[in-house]
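As they're listed, the protein sequences go chains A and B.
Read in order, the letters of the first sequence correspond to residues 1 to 277 in our numbering.
Read in order, the letters of the second sequence correspond to residues 1 to 223 in our numbering.
Simulated from the structure, these hints should not be mistaken for lab results.
All residues carry an ideal CB built from backbone N, CA and C; glycine is no exception.
Treat the hints loosely; a few may be bogus.
Computed Cβ-Cβ distance ranges for the label pairs, DEER-style [stated by the list, open to error]:
#: 1; chain 1: B; residue 1: Ile138; chain 2: A; residue 2: Arg150; range: 56 to 64 Å
#: 2; chain 1: A; residue 1: Trp44; chain 2: B; residue 2: Leu158; range: 28 to 36 Å
#: 3; chain 1: A; residue 1: Val8; chain 2: B; residue 2: Arg204; range: 52 to 60 Å
#: 4; chain 1: B; residue 1: Asn143; chain 2: A; residue 2: Arg236; range: 54 to 62 Å
#: 5; chain 1: A; residue 1: Leu41; chain 2: B; residue 2: Ser206; range: 48 to 56 Å
#: 6; chain 1: B; residue 1: Thr141; chain 2: A; residue 2: Gly50; range: 53 to 61 Å
#: 7; chain 1: B; residue 1: Ile84; chain 2: A; residue 2: Ala61; range: 46 to 54 Å
#: 8; chain 1: A; residue 1: Glu142; chain 2: B; residue 2: Gln129; range: 47 to 55 Å
#: 9; chain 1: A; residue 1: Phe265; chain 2: B; residue 2: Asn77; range: 54 to 62 Å
#: 10; chain 1: B; residue 1: Gln132; chain 2: A; residue 2: Ser12; range: 25 to 33 Å
Residues of chain B placed beyond 12 Å of chain A at every Cβ, according to the derived structure [as the list claims (entries may be wrong)]:
#: 11; residue: Ala12
#: 12; residue: Gly18
#: 13; residue: Ile64
#: 14; residue: Val68
#: 15; residue: Cys85
#: 16; residue: Arg177
#: 17; residue: Val184
#: 18; residue: Phe216
#: 19; residue: Ser217
Each chain, written out:
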Amino acid sequence: MNTAELRVTMESLLGSWLKNDSNRLGLATLLYFGVFSTVILVYWRKATHGTDPLPKLRRIAGLDAVDEAIGRATEMGRPVCFNPGTSGFSAPTFAALAVLGYIAGQTARYDARLLGCYNSPQVMSVAQSIVQTAYIEQGKAESFRLDDIRYLSGDQFGFASGCIGVIQRERIAAQMMFGNFAAEALIIAEAGNVAGAIQVAGQTNNLQTPFLVAACDYCLMNEELYVASAYLSKDRLRVGMLAAQDICRLVLMTIMVLGIIFESFGSKIVSDLMTLY
Amino acid sequence: MQGVNVPAGITASLQPFGIYLGVIVTFGVWSMLYRENPFYRICEFAYVGSASAHGLVTTFANTIKPGVLTNIIQNGNYWEIIPICLGCLIYFQPFRTKMWIARYPMAYWVGYNAGYALTMRTAMPLLTQIRQTMLPVIVRTANGISLVDSINNILFSLFVLFTMSYFLFSMNVYTGRYSFLLRVARVIMMVAFGAGFGTGVGTRISLLIGRLDFLFSEWLTLY
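With the rest of the complex left out, here is chain B (with noise of 0.2 Å):
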């Protein structure tokens, strides 16, 4: 997409009213944590609008334009009129008489997603890391055997075929006296999850960190 070329000058007096306008939307959002209040809903519908406003524009420049002016226009592939005017059909969505005819290019649309997510493109990553956790329980090396990492694959197999056998729902093969095996495989899941979490919140409070340096810096300046 095109920027448009804005005098250095007016940029820079622009400048205190971006940071102005930062701070006062970051303090909009935060009083979500006291409660719901029109000054967050303020901040909510202009960044809702914002991000909407922004979407058709980039979609207008980035598909829709050089869909028509290059590819049909330009190029001469007039064949891709016929998506085009099956695409426009969703406009009908807003009439409620003339509803139906919508969902002719969302029976499209869907039928396409289907057929896309059964190519083999989904099950290569599968049968990869199939393959890549068929890992030598003993490890031998030029000295011996590697205990640690023979150990490490042992856990490593074990915790794939106890987290693949929570997720066989159809037979019950965790009953009975063997009933303890999905409290362990679900704790398996717990402890990776666990890890996950800890890295999750690492990213969040960078994010934090971001604001906060932002409002130091740019708006009172302490440093």
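Isolated chain A, as found in the complex (with noise of 0.2 Å):
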């Protein structure tokens, strides 16, 4: 049976079910997910059952950045500014509050001022109680700043605007720019620059990644930014579910060579077979 005779069957079994987009992946994006789910919850089951060792996670220098930027800034006594970018809810964004978590942690622990500059009001609200969870955690509830913790506005260039005007008046001594960027990163991080502040940025636009490599001290490349929390935590559910990802990534490769190789040789099957329906 070929593909074309498969296809003809396929949709005779599965009529119009997942067939919601014109590239015809549904079925691929079904199994992807099938994958996908499984390797994660193998993984999940080994991280939080077993007491085998993990795989060890290669050294992202500008992750280690972190820790080196908040002792810095307790030494100079001046504020870290912490800056998740102009995006609401978004996967680059729940990463950055990932991060969030450990430098919030790592700045009541070396009683370090945090400060926080936000471009939507419902990332604000959600930071607050992270900051606020990781001071309690640390036995620092009382060095809390509600304040610190800033609004600014929705507005892309307005918000650019008063994260300057924060880095200056603030004078501080380091900048994390975690989460998703567009046109104002290149501004945020020049002004950082200017400060004098140690700065790393992790964010997942392309377009924006060449600006923070520029101005910045270190830059995480894009997936980097999502290992960012496994990384700096080492906690063994986050590194079970990076090996997990990993493991996707892997298939994912093997399948693209499959597919590299078979059309060399004329055959379009491993292409076919992707949009089997």
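Hey, can you piece these two chains together into the complex? The hints should help.
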């Protein structure tokens, strides 16, 4: 049976179920979710129930610099500024908030002041809770300052100009830019650079990464942002999830290589199988 | 959002005022290049304040007004009162003893967004990209093998695979004698970022030219 006949069979079996994209990737997406979820569950169980050591993560210089930056701010007696960019709740924002928990814990531990500049009132509210929880966990509830977590503006450049003002007036010693940034990325990073702050950035927008690489001391590239919370916390469960994601990446790379080989020999079987339904 | 009809005469008489205000604010923002100063601070606060005010008005006109007037009162979708009530709980945020109430709408909002991020909408572009990467490394044409296209596809495939393997964090594939491959992957990304940087700088320069054009043509009327 060739792929054309298979396609007819699949359509008669599944009808219009899953058929919600023009690229005919409904079935491939479902299978991908199935494999991905299974691998995640296996590693989740391995991390929570097992005692076997989990894979060691490779070194990421940008994340090692987070502690260094907080230490520097503590020594200088100047604040650390956390900036999650101009986005509501998206995947990078969730990753950034996980990093915020770690940063807040460290600043509470070393009695450094933590400022936050927010563009979204919803993200700001969640950030307030995260920071407060981190301070309570470190036994420094009285050091938590609600007013240091600030909503500046919902407007992109209004937010950027507000950030510049905060960076200059508060004379920050370290800036953590984790999240989703657009055109304001360079404006904020440059302001931090002028203020002499050590800057660590991590975001997934390919268009803005070059500017952050140029303006910041350390820059996490794309996916490295999603690794940040696991890498910093060394939490077994998070490291396990990361190992599972690596396996999924490897599966996708294998499919890609197979596709390239088959295409080179004139067969479209792999790409046809991906678009079966 | 409905605009306000201002008579043409008033608009014309206000135009010079608008130009001078634009010039003052432009120089106010540029003064930051020297250092933080009160002039910049006034411009910053004015901008942040006006942007927030604009956001409030547009949210009311484009979201709240049609949501309440049109959907609930006119169309009778009374169930929409439930999310509105849930949203109103967020106003407990400033009250320290009742702040916990504001966490309920936030929990719903975070959960909704996390769920939305997990839908097939996010996986499909990924799989589409994977499929589009499956290019033949030997490109055959009517005249035989196209060397240029073949080299192009080989480089493209290698660059994609190198870059993807750079993001394998728990598998130390590039260790020992293969550690240089990690640097190769980084160089590939830096080349791509460099191209992006060049494009981005061009865009920023065009913004500067736009501002200089405003100063020279509308304020100084040099041309």
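Hint-by-hint comparison with the structure:
Take B/Ile138 and A/Arg150: their Cβ atoms lie about 58 Å apart, and the range 56 to 64 Å holds. A/Trp44 and B/Leu158 have their C-beta atoms about 34 Å apart, which keeps the hinted 28 to 36 Å range intact. At roughly 53 Å, the beta-carbon separation of A/Val8 and B/Arg204 lies within the given 52 to 60 Å, and the hint holds. As the Cβ distance of B/Asn143 to A/Arg236 is approximately 59 Å, the hint placing it in 54 to 62 Å holds.
For A/Leu41 and B/Ser206, the Cβ-Cβ distance of about 50 Å falls inside the hinted range of 48 to 56 Å, so the restraint holds. For the pair B/Thr141 and A/Gly50, the supplied restraint of 53 to 61 Å holds, since their beta-carbon distance comes to about 54 Å. Here the CB-CB span from B/Ile84 to A/Ala61 is close to 48 Å, well matched to the stated 46 to 54 Å. At roughly 50 Å, the beta-carbon separation of A/Glu142 and B/Gln129 lies within the given 47 to 55 Å, and the hint holds.
In this structure the hint that A/Phe265 and B/Asn77 lie 54 to 62 Å apart at CB holds, the actual value being about 58 Å. A beta carbon spacing of about 28 Å between B/Gln132 and A/Ser12 agrees with the range 25 to 33 Å that was offered as a hint. Here B/Ala12 stays apart from chain A, with its beta-carbon at least about 28 Å from theirs, past the 12 Å limit. Taking the minimum C-beta to C-beta distance to chain A, about 19 Å, the non-interface status of B/Gly18 holds against the 12 Å cut.
Here B/Ile64 stays apart from chain A, with its beta-carbon at least about 15 Å from theirs, past the 12 Å limit. Annotated as non-interface, B/Val68 keeps its C-beta farther than 12 Å from every C-beta of chain A; the closest such distance is 20 Å. At roughly 17 Å from the closest C-beta of chain A, the C-beta of B/Cys85 stays outside 12 Å, upholding its exclusion from the interface. Once the 12 Å rule is applied to beta carbons, B/Arg177 is consistent with being away from chain A; the minimum gap is 16 Å.
Separation of B/Val184 from chain A is adequate, the least Cβ-Cβ distance of about 15 Å exceeding the 12 Å criterion. The claim that B/Phe216 is not at the interface with chain A holds, since no C-beta of that chain comes within 12 Å of its own (minimum 23 Å). A cut-off of 12 Å between C-beta atoms confirms that B/Ser217 is not in contact with chain A; the least separation is 23 Å.
Every hint from the earlier list agrees with this structure, and none is contradicted.
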